[in-house]
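Chemist: Starting from the given sequences, assemble the full structure and let the hints guide the process.
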Amino acid sequence: MKQRLANLLMLAVVALATAASAQTSDQPTPTQVLSPCLTGLAETAADLPMDPIVVGCDTVDCCPGPECAGDDKNTLDWVIDAQGTGLDQVNVSFDTAPEKSTSFGPGKNTINGLPLVRTGTPPTGTLSVATKSGWSGPAGPIDIKIDQKLGDVSVSEFWLRIDVQACQVPTTGEDRVDLTNNTDNDSAIVLMSERKSSGNGCEWDTARATDSVGVGNKVPGSGSCKSSVSVFSDDNAMAWVNTDTSTGGSPTWTPNQGDVVPIALQPPLVENVNVYVFGGGSLDLAYGAVDFANERFNANNVGIQFNAVVAEQTGSEPSIDCLTTPNPYTEGRVNVYYVSDTNRLTCRPNPNVVFVGGPADVTVLAHELGHSLGLLDFGYGSSFGDNIMQDTGTTRDALLDGQVFRMNMHCGSSLHRNKVRGDPDSWPWKKCLSTSSQTACGTAPLDANCPPVQQNVDPK
Amino acid sequence: MSARGQLMKAWGCLVAVAVLATLSGCDWFRHHTVTEAEKATNARRVLVAYFECGECTANQLKNASDLGEYVVPSLRATLAQGPSNARNERMRQFLSLQHKRIVTYRQTHPGPGPAPIADDEARFVQAFLANYKAQYQIRAATVLAAIGTPDARRSLEQALQQQDLRADVRAAITRILRGGRGDNRSGATAN
Numbered sequence: 002m003k004q005r006l007a008n009l010l011m012l013a014v015v016a017l018a019t020a021a022s023a024q025t026s027d028q029p030t031p032t033q034v035l036s037p038c039l040t041g042l043a044e045t046a047a048d049l050p051m052d053p054i055v056v057g058c059d060t061v062d063c064c065p066g067p068e069c070a071g072d073d074k075n076t077l078d079w080v081i082d083a084q085g086t087g088l089d090q091v092n093v094s095f096d097t098a099p100e101k102s103t104s105f106g107p108g109k110n111t112i113n114g115l116p117l118v119r120t121g122t123p124p125t126g127t128l129s130v131a132t133k134s135g136w137s138g139p140a141g142p143i144d145i146k147i148d149q150k151l152g153d154v155s156v157s158e159f160w161l162r163i164d165v166q167a168c169q170v171p172t173t174g175e176d177r178v179d180l181t182n183n184t185d186n187d188s189a190i191v192l193m194s195e196r197k198s199s200g201n202g203c204e205w206d207t208a209r210a211t212d213s214v215g216v217g218n219k220v221p222g223s224g225s226c227k228s229s230v231s232v233f234s235d236d237n238a239m240a241w242v243n244t245d246t247s248t249g250g251s252p253t254w255t256p257n258q259g260d261v262v263p264i265a266l267q268p269p270l271v272e273n274v275n276v277y278v279f280g281g282g283s284l285d286l287a288y289g290a291v292d293f294a295n296e297r298f299n300a301n302n303v304g305i306q307f308n309a310v311v312a313e314q315t316g317s318e319p320s321i322d323c324l325t326t327p328n329p330y331t332e333g334r335v336n337v338y339y340v341s342d343t344n345r346l347t348c349r350p351n352p353n354v355v356f357v358g359g360p361a362d363v364t365v366l367a368h369e370l371g372h373s374l375g376l377l378d379f380g381y382g383s384s385f386g387d388n389i390m391q392d393t394g395t396t397r398d399a400l401l402d403g404q405v406f407r408m409n410m411h412c413g414s415s416l417h418r419n420k421v422r423g424d425p426d427s428w429p430w431k432k433c434l435s436t437s438s439q440t441a442c443g444t445a446p447l448d449a450n451c452p453p454v455q456q457n458v459d460p461k
Numbered sequence: 039m040s041a042r043g044q045l046m047k048a049w050g051c052l053v054a055v056a057v058l059a060t061l062s063g064c065d066w067f068r069h070h071t072v073t074e075a076e077k078a079t080n081a082r083r084v085l086v087a088y089f090e091c092g093e094c095t096a097n098q099l100k101n102a103s104d105l106g107e108y109v110v111p112s113l114r115a116t117l118a119q120g121p122s123n124a125r126n127e128r129m130r131q132f133l134s135l136q137h138k139r140i141v142t143y144r145q146t147h148p149g150p151g152p153a154p155i156a157d158d159e160a161r162f163v164q165a166f167l168a169n170y171k172a173q174y175q176i177r178a179a180t181v182l183a184a185i186g187t188p189d190a191r192r193s194l195e196q197a198l199q200q201q202d203l204r205a206d207v208r209a210a211i212t213r214i215l216r217g218g219r220g221d222n223r224s225g226a227t228a229n
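Residue numbers (my numbering), protein chains in the order written: chain A, 2 to 461; chain B, 39 to 229.
Hint data in this document are derived by calculation from the structure and do not stem from the laboratory. By construction, the Cβ of each residue, glycine as well, lies at the ideal position given by its N, Cα and C atoms. Mixed in with the good hints, there may be bad ones.
Unchecked claim - Examples of chain A residues toward chain B, derived with CB under 8 angstroms:
1. V55
2. C64
3. T122
4. D285
5. D292
6. V310
7. V311
8. E313
9. L346
10. G359
11. P360
Modeler: What follows is the structure, encoded as structure tokens:
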């Protein structure tokens with residue numbers, strides 16, 4: 002009897018635990034993620050590009066079902082949940098409803114009676130965040146969740162995550178990275194894969210620099226940790242320097258302080274692109290999409306410029322098929338086909354073939370070029386809602402340093418296939434995890450020295 | 039401990055586990071306790087995920103069409119009007135910002151077409167807003183077709199009576215009513 006009861010209880014526990022773990026979450030994830038350094042956060046917080054939040058509903062009828070019916074409902078409430086160790090105050094201001102602007106500290110707060118404008122220009126809320134005076138960590142997220150409620154129904158959600166990073170703190174007498182040719186003295190991002198003197202593991206460390214920056218005492222790599230320095234900057238190609246003794250790096254870090262790694266930044270790489278506009282599509286929209294891709298890739302420090310030739314095509318448009326080569330097609334370039342079909346995709350076996358079906362928003366081409374350069378989607382339900390590689394979203398304009406690294410370094414990138422860096426063997430391509438295609442990479446194992454795809458520092 | 043005591047203890051544990059499962063959001067329990075407001079909230083999330091997807095998956099369409107008759111009025115309204123006023127305004131702001139960025143960028147960088155100037159902004163914004171509306175309309179029509187009830191089909195037929203439908207939206211609805219596809223799934227990097 003005792004044993005049967007125990008078995009019964011065990012079965013019940015297993016069954017319920019399985020049911021609970023099998024559920025899929027339909028809860029929202031961050032709409033926007035910003036990753037500033039803790040050092041100087043108070044000064045840079047104002048430069049963080051926080052998305053505006055329009056007061057209103059996501060669907061034209063506010064919500065499906067009877068809950069939102071009736072024209073008498075003309076106000077919304079914002080339920081705001083603000084959390085984070087370093088958070089001091091959140092300020093919310095509204096352009097056309099200034100009387101509703103307010104400030105509050107961490108915790109849950111509600112702004113009642115915001116006007117729900119169904120036609121005409123609705124009010125827009127703007128956030129700003131103040132961190133605690135003298136806050137020195139620990140680094141971690143500040144989350145601000147805004148739930149727009151019509152009665153009990155959530156009609157729109159916004160979630161800003163400020164993921165505060167513990168970046169390198171420069172002091173004198175340390176190892177140094179010296180940058181030259183930094184166009185416009187941009188605040189470049191220096192990403193280092195190093196074994197730290199205090200530990201055995203290989204870690205990713207970030208510093209900001211316009212020219213010369215102290216980076217602590219870096220020591221030679223060991224084991225699987227191959228130390229390197231990557232630099233991302235506007236209007237310059239991404240730089241990558243091997244500082245690892247065992248793989249012939251020069252210069253390399255030594256156990257002593259005072260090592261210097263000089264890096265001369267180069268002009269951006271140029272990837273050639275042919276854009277074929279079929280089916281009476283608009284040349285102007287294609288021009289706009291190329292301009293968007295170029296501007297956003299530059300602003301996000303990708304270091305790759307698209308030299309695009311856009312041409313109207315009068316013949317029959319190619320079918321969306323990755324098993325045959327469309328016509329026209331030029332090898333050594335990315336070939337983009339604007340077609341009347343509604344699908345959009347980049348072919349996995351040949352990332353030089355990109356289809357953009359209509360009606361396309363201004364971000365679609367940039368997203369597909371990201372695939373061509375080796376990036377994967379951030380799928381629905383993932384974070385980074387404003388990322389260009391986010392699958393679900395039409396107001397996406399950001400890229401992460403981990404993505405920029407892959408576009409430039411991954412052997413499946415179209416840069417490799419199209420010999421944008423000249424002889425492919427002259428560049429130390431890496432086979433990175435979290436990339437769209439590794440077909441061109443051969444059978445080599447994945448490289449452990451690619452940063453996580455989420456690696457990032459803001460502002461750019 | 040007596041057998042009766044052991045039995046009581048076992049039942050106590052089972053009840054505790056059930057309560058924990060409920061609190062942790064176990065599907066079975068949640069399905070039986072969902073409120074009308076939660077139902078509306080979840081349906082809104084599912085629809086918007088499909089309206090906004092770039093390279094839509096079969097699952098996104100299935101999730102939307104599984105909502106069935108409950109969302110037909112909402113889809114009908116979307117087919118007629120496109121995105122909500124707030125979504126449209128957010129897109130307008132985004133496009134306006136991007137145009138300003140592009141104008142500045144093109145002052146010092148090359149591009150495929152003539153360098154845009156600030157005066158072009160309204161044209162740029164309107165062109166992409168029109169695409170945004172068309173995308174919502176085609177997606178709404180696709181879900182209505184997938185739902186496939188008489189009411190859903192009637193909504194599609196009524197939409198064709200709208201005088202201001204863009205040619206590509208009209209063509210998509212016509213194709214759907216003839217049994218073809220509207221907006222099917224795409225692959226991120228297919229084949």
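Chemist: Work down the list of hints and note, for each, if the structure agrees.
Modeler: Against the structure, the hints:
With a cut of 8 angstroms, the hint placing V55 (chain A) at the interface with chain B holds, because the nearest CB-to-CB distance is about 4 angstroms. Here the hint on C64 (chain A) is kept, as its CB sits about 4 angstroms from the closest CB of chain B, short of 8 angstroms. Checking T122 (chain A) against chain B by beta carbon gives a least distance of about 6 angstroms; that is within 8 angstroms, so the hint holds. Interface restraint check for D285 (chain A): the shortest CB-CB distance to chain B comes to about 7 angstroms, inside 8 angstroms, so the restraint holds.
Hint status for D292 (chain A) relative to chain B: holds, with the closest Cβ pair at about 4 angstroms, below 8 angstroms. Hint status for V310 (chain A) relative to chain B: holds, with the closest Cβ pair at about 6 angstroms, below 8 angstroms. With a cut of 8 angstroms, the hint placing V311 (chain A) at the interface with chain B holds, because the nearest CB-to-CB distance is about 4 angstroms. Evaluation of the E313 (chain A) hint against chain B yields a violated restraint, the C-beta minimum of about 12 angstroms exceeding 8 angstroms.
Taking 8 angstroms as the C-beta contact cut-off toward chain B, the hint placing L346 (chain A) at the interface holds, the least distance being around 5 angstroms. Interface hint status for G359 (chain A): upheld, as the beta-carbon distance to the closest one in chain B is roughly 6 angstroms, under 8 angstroms. Because the beta carbon of P360 (chain A) sits about 4 angstroms from the nearest beta carbon in chain B, less than 8 angstroms, this interface hint is met.
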